[in-house]
Amino acid sequence: DQQVKQNSPSLSVQEGRISILNCDYTNSMFDYFLWYKKYPAEGPTFLISISSIKDKNEDGRFTVFLNKSAKHLSLHIVPSQPGDSAVYFCAASGGGADGLTFGKGTHLIIQP
Amino acid sequence: EPEVTQTPSHQVTQMGQEVILRCVPISNHLYFYWYRQILGQKVEFLVSFYNNEISEKSEIFDDQFSVERPDGSNFTLKIRSTKLEDSAMYFCASKERGDYNSPLHFGNGTRLTVT
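As you go down the protein sequences, you meet chains B and U in turn.
Letter 37 of the first sequence, counting from 1, is numbered 37 in this note's numbering, and no numbers are missing.
Letter 53 of the second sequence, counting from 1, is numbered 165 in this note's numbering, and no numbers are missing.
Everything labelled a hint here was simulated from the structure, so no lab data went into it.
Hints should not be assumed to be uniformly reliable.
For lysine-lysine, the following DSSO-like pairs were computed, each having C-alpha atoms within a straight-line distance of at most 30 Å [claimed, not checked]:
#: 1; chain 1: B; residue 1: Lys5; chain 2: U; residue 2: Lys169
#: 2; chain 1: B; residue 1: Lys38; chain 2: U; residue 2: Lys195
#: 3; chain 1: B; residue 1: Lys71; chain 2: B; residue 2: Lys38
#: 4; chain 1: B; residue 1: Lys68; chain 2: B; residue 2: Lys54
#: 5; chain 1: U; residue 1: Lys169; chain 2: B; residue 2: Lys68
#: 6; chain 1: U; residue 1: Lys154; chain 2: B; residue 2: Lys71
#: 7; chain 1: U; residue 1: Lys190; chain 2: U; residue 2: Lys154
#: 8; chain 1: B; residue 1: Lys68; chain 2: B; residue 2: Lys104
#: 9; chain 1: B; residue 1: Lys71; chain 2: B; residue 2: Lys54
#: 10; chain 1: U; residue 1: Lys169; chain 2: B; residue 2: Lys71
#: 11; chain 1: U; residue 1: Lys169; chain 2: B; residue 2: Lys104
#: 12; chain 1: U; residue 1: Lys195; chain 2: B; residue 2: Lys54
#: 13; chain 1: B; residue 1: Lys5; chain 2: B; residue 2: Lys68
#: 14; chain 1: B; residue 1: Lys54; chain 2: U; residue 2: Lys154
#: 15; chain 1: U; residue 1: Lys154; chain 2: B; residue 2: Lys56
#: 16; chain 1: B; residue 1: Lys71; chain 2: U; residue 2: Lys190
#: 17; chain 1: U; residue 1: Lys154; chain 2: U; residue 2: Lys169
#: 18; chain 1: B; residue 1: Lys54; chain 2: B; residue 2: Lys38
#: 19; chain 1: U; residue 1: Lys190; chain 2: B; residue 2: Lys104
#: 20; chain 1: B; residue 1: Lys56; chain 2: B; residue 2: Lys71
#: 21; chain 1: B; residue 1: Lys68; chain 2: U; residue 2: Lys154
#: 22; chain 1: B; residue 1: Lys68; chain 2: U; residue 2: Lys195
#: 23; chain 1: U; residue 1: Lys169; chain 2: B; residue 2: Lys38
#: 24; chain 1: U; residue 1: Lys190; chain 2: B; residue 2: Lys38
#: 25; chain 1: B; residue 1: Lys68; chain 2: B; residue 2: Lys56
#: 26; chain 1: B; residue 1: Lys56; chain 2: B; residue 2: Lys5
Whenever a hint applies, use it, and build me the whole structure from the sequences.
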């Protein structure tokens with residue numbers, strides 16, 4: 001039962017270009033969405049979030065877009081830097097539930 | 113920057129043994145969580161804890177699991193009788209407030225290997 005889906009296990013992007021990571025969800029009760037970044041041997045680190053009342057949230061090089069009708073969100077990183085190479089997890093919460101539901105992650109590789 | 117700390121970083125145990133995974137959440141945080149990630153799979157919610165009691169638990173968190181905040185700083189996850197399928201990375205997390213805008217801060221995890 002994959003309520004949060006990240007269909008690309010990996011993504012390779014050239015340094016300086018835009019990285020776009022995608023996430024789809026099925027549970028219409030989700031109303032808050034987050035992106036986490038994870039390096040090997042470390043825990044997930046919070047990056048950026050968006051509430052369902054918005055369709056865009058921006059923080060420096062990171063922008064999250066939410067399309068509620070399509071149940072789709074994306075994370076844009078521009079320009080991509082070598083330190084952005086990591087696994088990116090999409091997560092969602094809502095419907096009164098306390099726990100986050102995570103996707104399986106996308107491994108982003110930034111090539112020089 | 114304050115961080116969530118977890119010990120040990122790696123725990124090896126035999127099937128049927130009890131294990132206790134330890135966490136020190138960020139000091140001014142009030143909401144505590146355990147998540148786990150089986151190798152190659154997604155991060156899964158186990159349990160949330162607030163005001164000295166469990167707020168919510170997932171289907172994974174059965175009677176073999178328990179959590180405790182024995183003092184003002186530690187937050188522990190106990191697995192009473194470990195099974196092979198309990199092998200996973202266990203992440204502790206905490207947040208300052210209960211609202212969605214308060215992000216979760218994760219520790220670096222404890223890798224539990226059950227043999």
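Hint-by-hint comparison with the structure:
With a C-alpha separation of about 22 Å, the suggested pair Lys5 of chain B and Lys169 of chain U falls inside the 30 Å cut-off, and the hint holds. Restraint check for Lys38 of chain B and Lys195 of chain U: the C-alpha separation of about 27 Å stays at or below 30 Å, so the hint holds. Only pairs whose Cα atoms come within 30 Å are accepted, and Lys71 of chain B paired with Lys38 of chain B is accepted, the gap being roughly 24 Å. Under the criterion of a C-alpha separation no larger than 30 Å, the hint pairing Lys68 of chain B with Lys54 of chain B is consistent with the structure, at around 9 Å.
Our distance criterion of 30 Å between C-alpha atoms is met by Lys169 of chain U and Lys68 of chain B, whose separation comes to about 27 Å. For the suggested pair Lys154 of chain U and Lys71 of chain B, the alpha carbons sit about 20 Å apart, so the restraint of at most 30 Å is met. Restraint check: the Cα-Cα separation between Lys190 of chain U and Lys154 of chain U comes to about 21 Å, which is no more than 30 Å; the hinted pair holds. Using a Cα cut-off of 30 Å, the hinted pair Lys68 of chain B and Lys104 of chain B holds, with the two alpha carbons roughly 21 Å apart.
Note on Lys71 of chain B and Lys54 of chain B: the hinted pairing holds, with a Cα-Cα distance of about 13 Å set against a maximum of 30 Å. Proposed proximity of Lys169 of chain U and Lys71 of chain B is supported: the alpha carbons are some 26 Å apart, at most 30 Å. Under the criterion of a C-alpha separation no larger than 30 Å, the hint pairing Lys169 of chain U with Lys104 of chain B is consistent with the structure, at around 20 Å. Taking the CA atoms of Lys195 of chain U and Lys54 of chain B, the gap is near 44 Å; set against the 30 Å cutoff, the hint is violated.
A C-alpha spacing of about 15 Å is found between Lys5 of chain B and Lys68 of chain B, which places the hinted pair at or below 30 Å, so the restraint holds. A distance of roughly 26 Å separates the Cα atoms of Lys54 of chain B and Lys154 of chain U; the hinted pair therefore holds under the 30 Å criterion. Distance check on the hinted pair: Lys154 of chain U and Lys56 of chain B sit about 25 Å apart at the alpha-carbon level, within 30 Å; holds. Between Lys71 of chain B and Lys190 of chain U the alpha-carbon distance is near 37 Å, which puts this suggested pair outside the 30 Å criterion.
About 17 Å separates the Cα atoms of Lys154 of chain U and Lys169 of chain U, which keeps this hinted pair within 30 Å; it holds. With a C-alpha separation of about 25 Å, the suggested pair Lys54 of chain B and Lys38 of chain B falls inside the 30 Å cut-off, and the hint holds. Between Lys190 of chain U and Lys104 of chain B the alpha-carbon distance is near 26 Å, which keeps this suggested pair within the 30 Å criterion. This hinted pair checks out: Lys56 of chain B and Lys71 of chain B have alpha carbons roughly 14 Å apart, not beyond 30 Å.
For the suggested pair Lys68 of chain B and Lys154 of chain U, the alpha carbons sit about 23 Å apart, so the restraint of at most 30 Å is met. Restraint check for Lys68 of chain B and Lys195 of chain U: not satisfied, since their Cα atoms lie roughly 40 Å apart, outside the 30 Å limit. Between Lys169 of chain U and Lys38 of chain B the alpha-carbon distance is near 24 Å, which keeps this suggested pair within the 30 Å criterion. Note on Lys190 of chain U and Lys38 of chain B: the hinted pairing holds, with a Cα-Cα distance of about 25 Å set against a maximum of 30 Å.
Distance restraint check for Lys68 of chain B and Lys56 of chain B: the Cα-Cα separation of roughly 11 Å lies within the 30 Å cut-off, and the hinted pair is therefore satisfied. Taken as a hint, the Lys56 of chain B and Lys5 of chain B pair is honoured in the structure, with Cα atoms around 20 Å apart against an allowance of 30 Å.
The earlier numbered hints that this structure contradicts are 12, 16 and 22.
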